[in-house]
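Undergrad: Now for the letters of each chain:
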Amino acid sequence: MKTTADLEREILALAPWALEVPVTPEVNTRIAEQAQREASGSARPVDIVDVGPRWRGLLSTLYPDGFANRSVLDVGCNCGAYMFWAREQGAGECLGIDVREHWLRQAEFLAEHGPWDTEGMRFELMDLYDLPATGYGPFDVTFFLGIFYHLPDPLAALKIAAEATRGILILDTATKTGLPDGTLYAEPESKVAPLSGVYGLSWRPTGPEVMTQIFRWLGFNEVRVVSNRKSPASRGADRGRMRIVAARDASLLADYDRLSASRRAVAKA
Amino acid sequence: MTSSSAKTPTELKQEIIRLGPWHLDVQVTPEVSSSAFLEAPEGTYDASAESMGRVSFLDARVPFQNQMKKIYPEGLEGRSFLDCACNCGAYSFWMKELGAGSCFGFDVRDHWINQARFLLEHREGPSDGISFERLDLYDLSKRELEQFDVTLFKGIFYHLPDPVAGLKLAADLTREVLIVDTAARIDLDDGMLMLEREGTAHPMSGVYELSWAPSGPRVMERILNWMGFPETKLVSWSANPRKQDRGRLRIIGAREPGRLDALKAVTEVSRRPNPFG
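Residue numbers (this note's numbering), protein chains in the order written: chain D, 1 to 269; chain U, 1 to 277.
Derived by calculation from the structure, the hints in this document are not laboratory data. Treat the hints loosely; a few may be bogus.
Simulated crosslink set (BS3-like; lysine-lysine; CA at most 25 Å straight-line) [to be verified]:
no., chain 1, residue 1, chain 2, residue 2
1, U, LYS142, D, LYS159
2, U, LYS233, U, LYS70
3, D, LYS159, D, LYS191
4, U, LYS69, U, LYS243
5, U, LYS233, U, LYS168
6, D, LYS191, U, LYS168
7, D, LYS159, U, LYS168
8, U, LYS233, U, LYS264
9, U, LYS264, U, LYS69
Here are some of the chain D residues that sit facing chain U, going by a computed Cβ distance under 7 Å [as the list claims (entries may be wrong)]:
no., residue
10, LEU184
11, TYR185
12, GLN213
All residues carry an ideal CB built from backbone N, CA and C; glycine is no exception.
Okay, chain U solo, but in the shape it has when bound (with noise of 0.2 Å):
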């Protein structure tokens, strides 16, 4: 960002790996990306379950991207956006890279917002107005925080003891287009929350023990037509092609009639690759 706190190339490599096991795809500079921590020495991260497991690793910029192009075909000028459970941070620097005003990405896990400073810090590109905070979701209103214009909800409502709340608090801070990407059962009717309990050790994992998965869009849909967001619209919903009875979908709210007419919307479970992870 500063010329006082440029790295040389391997600096940032190395600082990316210590700073491992990352999630998602993120440019740094030209030559350095977050993938750099794939080429760390074997036996860098401790694989057990109770510490750091396996994380997915995913490039999501463009899909991400392209999505919220059509939702605001003439870039986001100066909207705001709510990254819950942001992970490295990144869906707050590609919103940016669209035009986006102030961000605010929050997440559980340490882990995690280490990384968003890190390319706070680092990464070449627009960074104004973008903040990152260690917060747990339930304490979210304590923080009086203005409205957003647009709010991204993914990988988190499964991990929520009560996610029906958990959503509320997000989806009350959201002025325009609220974003939920979840995992979700494939094998059960539509309409339901499933129950299920998960250990709270792993970093990509939650950490409350109790939570929940949606057995379809619908039952989604209802929630956030409940929560004010009349419009609704399935952008995906695919199969996991590890587990047989899950997959992941994600579902856009919209505050306003026809904000998502551009998008397309999916109807039926999808056998191949989510595009966006």
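Isolated chain D, as found in the complex (with noise of 0.2 Å):
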């Protein structure tokens, strides 16, 4: 059994962290913040960010009744956090596949210290374009957080997660804002960053309308927009976030659709 400062020096060691997780009551991989901050120097700092609470709501708001055992893919999976959160809500088989290996440390770090029954959990060093070779899936649930907008060809990679998928598809992407909707929009990044792709060519989406196209042509026919707004200007002046969720069929949206509009009615009274 590890001790508080142990695990906390272990995080530091595997810094820099994108999410914040709490490992155990005490100890949360955010007291890697100002160290990191500390050893970017001049570069742009990875931020950590409390994503948990909004995405555990997603969860609850997609499977009320919990996740019964479905399968998850979570395809750039970083530290694991989101499917962990889904085990949680009684995920089944999951796999969380990653081009970087430092993320999949850190995965391995929380599936070994957290809270979490890591039975039937993998994490694999993978390129997504070599998914469809290793024959895994079909999966009930795929998440595509963080990635759309690192690849250089997010179209034929979506079609490989939307093929590997059977139910929803949970897409959360960086867009372009200030353009009329419809576009991908092609920029050059990074390969070398900790948060960019390894390809050198990536693409935003200008919004709902484009995303919304590319899941018909993908069959997915049903598209919930769960979010669509611009992100701090600190971030840069044309950046947005979105998040989509989306299926081949809305029988299996039907619990969002019903707790979402009654969370709205909520929100307007």
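From these two lone chains plus the hints, build me the complex, please.
TA: Pasting the structure below:
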């Protein structure tokens, strides 16, 4: 059994972290923030974001009775937090893939020291473009979070993920604001920064319309925009963030539709 | 090609009309070209949008060959050629005239492949090593083809649901030079792919409904650079006289520096007719 001090030392050794994750009641990855900010020098530091509460909320809106052992694929899984939180709600087999070993080491650390039962959870160093060759899947639920805008060919990548998905696909992506919706905007990106892609070419969608058309092409005719907003100016004047859930069949989103409608009604009142 | 299949000019013209409409003017014999279909009696072709609709007809041989001569001043010296969405296969014959080796053209529509095979059988001039096939671009990798020296990707980029993946298939099969000729939007900032939806019935359309138009040469340059063509040159960029938001561009990518030096670069949208069709 490691002490709090041991765990914190390991967290610092595994920095930078991108996600705030409670590991034990006393220990949280947030403690690395100061250190990784100082270590980044003149480069933009990796921010640690607290996405857990909102994410858990979305999952419980999609599956109010829990995941009931549904399988999960997490593409670009980072430290695996999104999958651990799905496991808390009853997810079954889980596969997380990422192209950077850095994040997978964090996932292994969390699997070992976090509160989750990790039976049937796997993390693999893998490029999504290589997933079809493995024969893994199909999965009930796929997370496609923070990766669409790091790919040289996001349509081919999303197609691979969609074809590996039986049920619901959750997409979260940076967007390009200030343009008419309906386009993908190309831009070069670093191949080496920890939160960048590895290809040098990337694309940002301009809004829900372009993503909806892409999902329809993939046979995901049911598309719900969970959120779509402009990012703080500190992230760049033309950046936004959008989260979408999509499914082949509306019945898969019945709970989400009912619960999100009643939430909106409550918010209005 | 052989005396047993030799047809009289009248027979050739009848066959050309039967295979029409044509998109490219190709000389079949000194007396007969594919333009013979223009003499077809009124009502020969169903011009409704659901069937053939209107097909533009153009003569692109001279500008195309002049361009190739600038890239390969010594001639093609047996280089192989891949033509994606080859239409009637004209470019393979024109490449052959410049000394190309084997040429492979494919198209997703039987209509065009039937024309290409007619030309292969009846056209006078070199045709050894030319072959055509009905094939979907996305099935190209299943054919396990050898690489080609020069690839033409004309009139197909903007018909694809995933044009980057589509062009990548062709790029990975290309050893030296990749010519991309595509419809483009000219009313938007450059750097984007704009969503479009198209019908699938018209013979000049794609078969997927979802399609994309680049908003200028810069987005194409980025795509080509990523695919391993560090050298690019925009050689034409023109407005469509009938649709004010649309135009056409041709950008050529090369794997080795200097290959495209003799080509003149274009820097802005021209209102003059596009020489390449």
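Undergrad: Each of the hints needs a verdict: does it hold here or not?
TA: We went through each hint and held it up to the structure:
Distance check on the hinted pair: LYS142(U) and LYS159(D) sit about 18 Å apart at the alpha-carbon level, within 25 Å; holds. Our distance criterion of 25 Å between C-alpha atoms is met by LYS233(U) and LYS70(U), whose separation comes to about 13 Å. Pair hint LYS159(D) plus LYS191(D) holds up; C-alpha atoms about 23 Å apart against a cutoff of 25 Å. A distance of roughly 32 Å separates the Cα atoms of LYS69(U) and LYS243(U); the hinted pair therefore is violated under the 25 Å criterion.
In summary, the hint linking LYS233(U) to LYS168(U) is supported, as the alpha carbons are separated by about 18 Å, within the 25 Å threshold. Straight-line distance between C-alpha atoms of LYS191(D) and LYS168(U) comes to about 19 Å, which keeps the hinted pair within the 25 Å bound. As the CA atoms of LYS159(D) and LYS168(U) are separated by approximately 15 Å, the hinted pair is consistent with the 25 Å bound. With a C-alpha separation of about 8 Å, the suggested pair LYS233(U) and LYS264(U) falls inside the 25 Å cut-off, and the hint holds.
As the CA atoms of LYS264(U) and LYS69(U) are separated by approximately 13 Å, the hinted pair is consistent with the 25 Å bound. With a cut of 7 Å, the hint placing LEU184(D) at the interface with chain U holds, because the nearest CB-to-CB distance is about 5 Å. Hint status for TYR185(D): holds, given a least beta-carbon distance of 5 Å to chain U, under 7 Å. Residue-level restraint check for GLN213(D) holds (minimum Cβ-Cβ distance to chain U is 5 Å; threshold 7 Å).
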